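A.B. asks: Please put together the full structure from these sequences, using the hints given.
Line by line, the protein sequences give chains E and G.
Numbering-wise (the UniProt record's numbering), the first sequence opens with residue 1 and increments by one.
Numbering-wise (the UniProt record's numbering), the second sequence opens with residue 1 and increments by one.
Possibly wrong hints are sitting among the right ones.
Remember, identical chains collapse to one label, so a pair may be satisfied in a single copy or spanning two.
Only pairs whose alpha carbons sit at most 27 Å apart, straight line, appear in this in silico DSS-like list of lysine-lysine [said to hold, decoys possible]: (1) Lys177 to Lys214; (2) Lys193 to Lys224; (3) Lys177 to Lys193; (4) Lys214 to Lys224; (5) Lys193 to Lys4; (6) Lys224 to Lys177; (7) Lys193 to Lys214; (8) Lys214 to Lys4; (9) Lys177 to Lys4; (10) Lys224 to Lys4.
Please keep in mind that the hints were generated in silico from the structure rather than gathered at the bench.
Remember, predicted model here, so these are calculated numbers, not experimental data.
Number of protein chains: 2
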Amino acid sequence: MRIKLAEDLGGGILSATSADDLHEALLRSAREMGFGHFALSLEIGSGGDAGTSVLIHNYPSSWADVYVGFNLGASDPIRRAAERSLLGFRWDDVPTLIPVSDLEQAMFDTSRRHGIADGYTVPRHLPGEVTASCSFVTGPLTELPVSMLLIAELIGAFAIAGARRIAGWAPSSDRPKLTDRQRDCVLWAARGKSDWEISRILGISHDTVTTHVKEARDRYDAHKRSSLILWALFDGLISFADIFRWRENA
Amino acid sequence: MRIKLAEDLGGGILSATSADDLHEALLRSAREMGFGHFALSLEIGSGGDAGTSVLIHNYPSSWADVYVGFNLGASDPIRRAAERSLLGFRWDDVPTLIPVSDLEQAMFDTSRRHGIADGYTVPRHLPGEVTASCSFVTGPLTELPVSMLLIAELIGAFAIAGARRIAGWAPSSDRPKLTDRQRDCVLWAARGKSDWEISRILGISHDTVTTHVKEARDRYDAHKRSSLILWALFDGLISFADIFRWRENA
DNA sequence: TCGCCCATACCCAGAAATGGGGAGGCGACC
DNA sequence: GGTCGCCTCCCCATTTCTGGGTATGGGCGA
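C.D. replies: Structure representation (structure tokens):
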């Protein structure tokens, strides 16, 4: 049973406590599914300078050297496709997801000569936190194990979750607790309301709102309204959906 | 075979061409897996306030009325947890993901009286494009079908992808582009620095920083520094790691 | 060469946030 | 009964942000 396989391998991946463990578990998983290679990349910091935080793979070193040496990651079509897809995708479907330039097509051909031919990539994102992908790859002489792609989807997701945990994004433990009223005020502040506007919304006085916000700042040791909002967001006290989409139900 | 079930149901979901089709396919899938209810919510759009949203569910109307009527969606803990998780999660694990207030706990109890007791929620995100979740729910008299959770993970993801396709797939995000200097300023602002402090850090004048921040606000159509930061964060222009981790290296 | 964008710098006036202080009422808990 | 946390309200002074201007110089592509 394939799903049993996923449960077994997934358990092994989720119980990994180090990058080496994860490498081991991923290698076994890839083999069991009929893939020769795998590559997991997890970035904390999608913006500019914060580079790749985790990169675990068993690509041939010849290809890895070329890839890193020529900084191909900067314009890797697989990576670009991963940023635009919710589901895992087969590499031969990439052109339907994004435009692929001639240069990038040439890159595919080169990788094939290094034993990286066809594959399946599982993307996963958390806005503001993580962008990651996990690829399972076959060489030029092996067929893509189509019957295993759904399993790969699960295993890839487990691997990414495991890597995130290992990379240090354990749920924060001793987070400050805000009172309900404080949280209300933080939420409305995150929605861009001023203290005065919040006071009208909540039906309390301007000074009371100011007090709530002040005390919330104190609890988070944040000296700025923005910092308070960011910490609350980071802690999961409020969410992007809370902030951006409250209009819908209003 | 459970994985066969996933393939069958997944095919049905991916071939849906309308919201009604999708409703039908999801209903069948939920039943096959042993769930009584399902709810799929998907929101598209990043910049400003434009955006479509899809909500497909078969919750009892009594509960849906309460939910919408009291605007509970504005701070739904399930939705908040969905923004903090890469994988699907069981509802009884939510307190380990995010803080849950007493009020929200009470909300759980209320929903249970409406036949919404336990569930499994699959989140999926594309920064700046899509935020979605798909929940499968059991009533108070039914056990959560634990053996089906991995299948639910796959079905939920398919459903989200299907909904995205139906909702009109707006990949060409017209998200605002900031200049390098503007991004610098936004990043330092997110780190809690005032304009004057940023000017010292970047070695430029106070007024120049103010101008950069001002123009960044204009591009995001954000009237508050906080809103600007939040949009930049949601868009992936900056990340929590950028914001909170800079101390480490400094 | 002209136009456009970018970075830089400056000015102003009004609104908002920050960081202090104090105080009363109310319910829970010991 | 006393203490503690929470919510409410008020005062103050100072800093910071917001929303308008204007202007110079450099680079880059039409």
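A.B. asks: If a hint holds in the structure, say so; if it doesn't, say that too.
C.D. replies: Going down the list of hints, with the structure as the test:
1. Only within a single protomer do Lys177 and Lys214 lie at most 27 Å apart by alpha-carbon distance; the minimum there is 14 Å, versus 33 Å between protomers.
2. In this homomeric assembly, Lys193 and Lys224 come within 27 Å of each other (Cα to Cα) both inside a single copy, at 15 Å, and across copies, at 8 Å.
3. Taking the shortest alpha-carbon separations for Lys177 and Lys193, both the intra-copy value of 22 Å and the inter-copy value of 25 Å come in at or below 27 Å.
4. Taking the closest pair of Cα atoms, Lys214 and Lys224 come within 27 Å of each other both inside a single copy (9 Å) and across two copies (18 Å).
5. When the C-alpha separation of Lys193 and Lys4 is checked against a cutoff of 27 Å, the pair qualifies neither within a copy, at 51 Å, nor between copies, at 51 Å.
6. Taking the shortest alpha-carbon separations for Lys224 and Lys177, both the intra-copy value of 18 Å and the inter-copy value of 26 Å come in at or below 27 Å.
7. In this assembly of identical chains, the alpha carbons of Lys193 and Lys214 lie at most 27 Å apart whether taken from the same copy (15 Å) or from different copies (18 Å).
8. In this assembly of identical chains, the alpha carbons of Lys214 and Lys4 never lie at most 27 Å apart, being 53 Å within a copy and 55 Å across copies at closest.
9. Taking identical chains as interchangeable, the C-alpha atoms of Lys177 and Lys4 are never at most 27 Å apart, the minima being 41 Å within one chain and 46 Å between chains.
10. For the homomeric pair Lys224 and Lys4, neither the shortest alpha-carbon distance inside one copy (50 Å) nor that between copies (51 Å) is at most 27 Å.
When the structure is compared with the earlier hints, violations turn up for hints 5, 8, 9, 10 and for no others.
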